[in-house]
Amino acid sequence: MADLTLPAALRDVEAVRSVRTPARLDYRYTPGTATSRFLHAIEQKRIMGERCPVCRKVYVPPRGACPTDGVPTEEQVELPHTGTVTSFCVVNLQFYGQGMEIPYVSANILLDGSHLPIMHLIQEVQADKVRTGMRVEAVWVPDEEMGPTLESIKWFRPTGEPDVQVDIPGEDHGTGLGSWVGGSPPEDPRAAQTHGGDA
Amino acid sequence: MVIEYPFSRTTGPVIGAFLTGLRERMLVGSRGSDGRVHVPPVESDPLTGEAVSEIVEVGPAGEVTTWAWVNVPHAKHPLDRPFAWALIRLDGADTPMLHVVDAGSIDAMRTGLRVEPRWNDETEGSITDLACFVPVADGEDA
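As you go down the protein sequences, you meet chains X and D in turn. Going by our numbering, the first residue of the first sequence is number 1, and it counts up by one from there. Going by our numbering, the first residue of the second sequence is number 1, and it counts up by one from there.
In short, the hints are calculated from the structure, not lab data. Worth double-checking, as some hints may not be accurate.
Stated by the list, open to error - Far from chain D, by Cβ distances over 12 Å, these chain X residues were calculated:
| no. | residue |
| --- | --- |
| 1 | A15 |
| 2 | V54 |
| 3 | S87 |
| 4 | F88 |
To be verified - Restraint-style ranges between C-beta atoms, simulated for each label pair:
| no. | chain 1 | residue 1 | chain 2 | residue 2 | range |
| --- | --- | --- | --- | --- | --- |
| 5 | D | W69 | X | R20 | 28 to 38 Å |
| 6 | D | V42 | X | E14 | 42 to 52 Å |
| 7 | X | T159 | D | T123 | 57 to 67 Å |
| 8 | D | S33 | X | L93 | 25 to 35 Å |
| 9 | D | V136 | X | M119 | 56 to 66 Å |
| 10 | X | R24 | D | P82 | 16 to 26 Å |
Keep in mind it's a predicted model, so treat the numbers as computed, not measured. Even glycine gets a Cβ: it sits at the ideal position worked out from N, Cα and C.
Using the sequences and the hints, build the whole thing.
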């Protein structure tokens with residue numbers, strides 16, 4: 001490039017070559033009534049989902065409505081603290097703001113009796129031993145650290161039970177985010193209905 | 001919940017000169033092929049597209065060419081009291097630069113107001129080294 005003539009005062013000082021331009025987004029998240037119920041229950045070491053009255057699926061954390069049927073999910077369902085890994089990711093790279101030592105494992109965990117996995121950490125096992133179908137259980141933070149946040153669950157760890165079969169819709173047909181375990185998909189009462197006449 | 005992206009950018013020699021100037025408490029612009037001085041400096045001549053070759057000192061004082069008063073500053077604004085965003089044409093410059101005028105009151109603001117920079121105690125080579133502009137005490141309007 002062409003030579004750049006500088007004012008005398010800037011010729012013999014160290015030039016600025018880079019500048020920090022951090023972007024920071026502050027969010028205040030309003031959880032709404034359904035997720036508030038979930039978070040208050042978490043504080044009591046209880047995991048609460050909500051069941052759709054139409055398709056009978058149990059959503060956790062609940063958002064108050066079934067995304068498929070568009071109806072309120074009013075039935076509260078207390079879930080066990082155990083579940084199955086339906087997919088996972090081994091994180092091997094250090095990045096800014098990361099609170100974990102690498103390698104660590106983030107996983108989708110389908111809690112027993114629910115129909116949508118939650119994302120959480122898997123610990124107390126070597127990263128390369130984590131696998132789809134692994135049975136895991138929640139490890140809670142000490143009582144004095146419990147709060148209305150999913151971080152009240154420190155992480156999940158293997159239970160030692162035998163693996164179970166995980167079926168993921170979209171791998172063999174269609175698309176979808178839900179998974180199920182144990183070989184057969186959850187029953188959908190609508191499958192038995194005959195269509196015709198309903199508005 | 002806070003999401004942060006810790007970007008760092010290389011400045012290149014021209015913007016680097018502007019930031020180096022700020023660190024040295026000096027304002028600079030670029031002189032174009034038509035002799036006009038742009039502040040902040042531009043990397044390419046607006047008329048010919050050639051790389052600019054001359055960085056010149058401007059200011060430090062200048063005049064307000066247009067402004068907007070902020071009655072209720074928010075957390076990310078540069079001042080925590082009412083202030084003006086203003087375009088300020090520095091002495092020796094042909095283009096105005098956006099910055100902040102700490103005028104105290106909207107009644108003290110006007111187009112043509114003479115202003116001068118107030119620098120931070122510590123400078124590091126950032127636009128925020130220039131805390132704000134303030135009205136020149138005995139300034140006569142341009």
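* What are the numbers of the hints that this structure violates, sorted from low to high? -> 1, 6 and 8
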